[in-house]
Amino acid sequence: MNHKSLYLLLAILSLPSTGLALGSPSNEGRVSSFAAAPGGQPYGRQIHAETSRREEPRDRAASGAGLSLEAILALVFQDDPQGSSYTRDSGWGLRLGWDMSRQLGLGSLPLRFQPELSWTQSSEEQGTAAVIVSRRLDSFRLVGRLGWRLGEPSQGFRLIPFVSAGPAATLSSVRYDIADPVGRGRASPSSEDAVSELQWGAAYGAGLAFGALAESGAGLTGRLELLRIHRGYVQDLALSVGLGFRL
Amino acid sequence: MRRKLFLPPLAALLLLLGCAPEAGPLQMAVLDLDPGTGLYDLRVVEVRTLEDVPALRGEAATPIGSAVIRLDSRRLYDGMSEAAFRAAVLSEPGAPVEAQFVEQDGVLYPSDFHSLSLATAYYHFEKARAYALARGLGAEKLRSTPFYYFPALTEDPAEGQLADNAAWFPMLRSFLLFPHKDLQGIPLSMNQGVIAHEYGHAIFNAEVLNGAWFPDVLQRWCDDPGCSDPHGSLMMGSVEEGFADIWALGVTGDLRFINRSIEPVGDRRDLEFNGSRHCYSSAAWEAEIEQARTRPYQWARYWGSRRYELGTMWASALYHAGLEPGTDLDRVIEALLASYRSTGKASLAHLAATDRRGRTFGSFDSIAQAIVIGAKDEPTAHALCKVLGDRFALDPAALDPRCDGVAPGGDCR
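Going line by line, the protein sequences match chains A and B.
For what it's worth, numbering that gives the first Met the number 0 labels the leading residue of the first sequence as 0, then goes sequentially.
For what it's worth, numbering that gives the first Met the number 0 labels the leading residue of the second sequence as 0, then goes sequentially.
Simulated from the structure, these hints should not be mistaken for lab results.
Because the structure is a prediction, the values reported are computed rather than measured.
Among these hints, one or two may not hold up.
Which chain A residues face chain B? A few, computed with CB under 7 Å, are given here [stated by the list, open to error]:
#	residue
1	Phe-76
2	Asp-78
3	Pro-80
4	Gln-120
5	Ser-122
6	Ala-129
7	Val-132
8	Arg-134
9	Asp-137
10	Leu-141
11	Pro-180
12	Ser-190
13	Glu-191
14	Leu-207
15	Leu-236
Cβ-Cβ distance ranges computed for the label pairs, FRET-style [stated by the list, open to error]:
#	chain 1	residue 1	chain 2	residue 2	range
16	B	Gly-137	A	Glu-124	41 to 49 Å
17	B	Pro-224	A	Glu-124	47 to 55 Å
18	A	Glu-124	B	Glu-308	33 to 41 Å
19	A	Ser-189	B	Pro-24	28 to 36 Å
20	B	Arg-305	A	Glu-124	52 to 60 Å
21	A	Ser-189	B	Glu-45	22 to 30 Å
22	B	Ala-162	A	Trp-199	36 to 44 Å
Cβ coordinates follow ideal geometry from the N, Cα and C atoms, glycine included.
Please put together the full structure from these sequences, using the hints given.
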């Protein structure tokens with residue numbers, strides 16, 4: 000990670016939890032209790048019902064903006080051109096997520112839905128002194144994450160097994176450094192060429208997310224995820240660990 | 000209703016799972032000799048014969064990756080069927096390769112080292128094959144021949160895996176392109192000369208030895224433990240190397256193709272005339288064999304490297320014959336290919352099949368005569384008689400009636 004990216008990440012993680020005032024579903028029932036009772040029911044009974052709803056444990060994730068940012072470390076298993084199963088490479092990146100469960104009316108359910116925009120970068124360099132090929136893969140993914148919250152909604156610590164899927168685009172940048180030994184001593188003994196292509200594909204996978212949230216809904220989030228990423232006709236497998244903040 | 004909601008995004012997602020590039024003639028970037036600079040560089044070429052682009056499989060070759068081959072030098076494979084041999088040595092038969100590309104302006108660029116290496120090797124096989132077909136090789140010969148790419152091959156477990164080499168291996172009817180380890184030049188798999196050299200071996204096997212997976216001539220010519228009459232087997236080893244070098248030169252025009260990959264070889268394989276290396280005779284051949292007999296414990300090692308030098312004599316002679324007026328290297332190589340099988344009783348195939356002890360095949364006269372008879376035109380026959388007569392101290396008139404009155408060249412004598 001370069002310094003600029005690190006500072007940006009630290010700046011975002013150190014933001015105070017402002018809540019961004021997007022509204023809270025836990026207030027909605029209380030407002031209706033001041034309206035006329037439907038079906039001519041006695042007001043007393045209506046108030047009792049509202050009171051008991053207020054006492055239900057409140058899901059902490061229902062508070063706050065639901066935005067999360069995670070740093071990613073990934074082990075990327077790429078299809079090996081030689082026909083064996085894979086080559087291994089390491090990568091890193093960032094993930095931005097927005098928990099839309101409340102907007103979709105899933106607030107009271109354990110079902111969670113979160114669209115995510117992720118970027119990971121991995122690179123490799125191979126060859127001999129005379130022929131070196133370097134490749135960098137920048138993978139961008141927009142996936143929908145569908146999870147199931149385990150445990151009580153009021154708990155600060157939560158585990159969410161999930162599946163995810165969505166479109167992906169990978170920018171493959173390749174550089175070739177060629178230096179024929181016979182050309183040593185000549186004016187231009189070596190050459191460099193670089194090409195790149197944005198390769199479309201899809202990403203899908205599964206994992207386990209965790210969160211340690213305060214009453215405000217802000218806190219730590221993270222995950223362990225196994226993701227299959229298609230770029231053109233090639234598939235990569237990424238085992239990633241994410242750690243970040245939720246606002 | 001729900002199904003209708005889910006189907007469009009699912010279909011869109013499936014559409015994003017891309018397809019491989021289509022087969023057929025295509026523009027591809029590979030490592031190739033730049034005629035302008037005389038150096039290897041990344042060049043965009045047309046690859047014409049691919050049937051499966053990611054697998055880099057086509058008429059020219061079929062790559063196989065990740066194979067494990069275990070040859071046991073202590074084990075005798077005599078009497079085994081070809082299938083039993085394959086089963087015995089192929090611990091892992093390997094798998095189709097899957098090269099990766101990025102596409103820019105309609106050109107496929109291999110996107111990692113192995114993909115570049117594989118794509119380049121395929122292109123070089125295609126070029127070597129096209130050259131051989133143009134010289135008269137039958138279209139069905141060596142079609143889609145497998146090449147094992149970076150196989151893990153061991154002969155002796157104590158010595159580890161073989162690396163930094165390339166080979167034609169008739170027992171698997173395949174090429175072997177080993178991993179690079181110490182060599183840091185142009186990888187052998189990307190060296191057009193090396194690929195054409197190995198293709199030359201395969202042509203020799205296909206034509207002279209009738210494509211035999213386990214040629215019987217070597218056993219027939221060395222049927223006793225000490226190989227008391229080694230002329231045939233030694234000549235076979237040296238002409239194979241020399242003829243393979245001339246195929247490499249024909250395809251590439253590169254006189255020092257080996258030095259691009261193996262710098263320590265120096266000028267030992269140079270084809271430019273060198274009086275101290277390229278002049279020989281039947282008498283010198285006999286004397287050398289006798290001298291080598293006095294050190295039987297060094298026999299294999301001595302001839303293991305010497306055959307390349309003897310081969311360079313043949314290759315250099317053929318190269319210089321191609322420089323004579325009225326002919327060119329292509330016509331000389333056409334004569335060479337014709338000498339393999341097309342010239343009836345004078346052909347090397349006939350000699351190999353009928354020579355009981357290897358004495359005839361093991362003489363310079365027989366080999367030179369077969370090549371000269373293979374020449375389709377008089378200037379080429381004259382050129383061959385002149386240069387071969389000079390280099391190996393042979394009488395041109397005895398090689399072919401067309402060479403009556405042709406004097407040997409004066410480089411050596």
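For each hint, the structure was consulted:
1. Phe-76: Violated, because the Cβ-Cβ distance from A:Phe-76 to chain B comes to roughly 14 Å (cut-off 7 Å).
2. Asp-78: With a minimum Cβ separation of about 6 Å from chain B (threshold 7 Å), the hint on A:Asp-78 holds.
3. Pro-80: Interface hint status for A:Pro-80: holds (4 Å vs cutoff 7 Å).
4. Gln-120: violated, 15 Å
5. Ser-122: With a closest approach of 11 Å, the A:Ser-122 hint is violated.
6. Ala-129: At 5 Å from the nearest chain B Cβ, A:Ala-129 passes the 7 Å test, so the hint holds.
7. Val-132: holds, 4 Å
8. Arg-134: Holds - the Cβ of A:Arg-134 comes within 7 Å of chain B, reaching about 5 Å at its closest.
9. Asp-137: violated, 13 Å
10. Leu-141: violated, 11 Å
11. Pro-180: Given a least distance of 5 Å, the restraint on A:Pro-180 holds.
12. Ser-190: Check passed: Cβ of A:Ser-190 comes within 5 Å of chain B, closer than 7 Å.
13. Glu-191: Where the cut-off is 7 Å and the nearest Cβ of chain B is about 9 Å from A:Glu-191, the hint is violated.
14. Leu-207: With a closest approach of 23 Å, the A:Leu-207 hint is violated.
15. Leu-236: Given a least distance of 14 Å, the restraint on A:Leu-236 is violated.
16. B:Gly-137 x A:Glu-124: 41 to 49 Å: holds, 43 Å
17. B:Pro-224 x A:Glu-124: 47 to 55 Å: Holds, since B:Pro-224 and A:Glu-124 (Cβ atoms, about 51 Å apart) stay within the stated range.
18. A:Glu-124 x B:Glu-308: 33 to 41 Å: holds, 38 Å
19. A:Ser-189 x B:Pro-24: 28 to 36 Å: Since A:Ser-189 and B:Pro-24 have Cβ atoms about 30 Å apart, the given range 28 to 36 Å holds.
20. B:Arg-305 x A:Glu-124: 52 to 60 Å: violated, 40 Å
21. A:Ser-189 x B:Glu-45: 22 to 30 Å: holds, 25 Å
22. B:Ala-162 x A:Trp-199: 36 to 44 Å: Holds - the Cβ-Cβ distance for B:Ala-162 and A:Trp-199, about 39 Å, lies within 36 to 44 Å.
The structure fails hints 1, 4, 5, 9, 10, 13, 14, 15, 20 (numbered hints given earlier, in ascending order).
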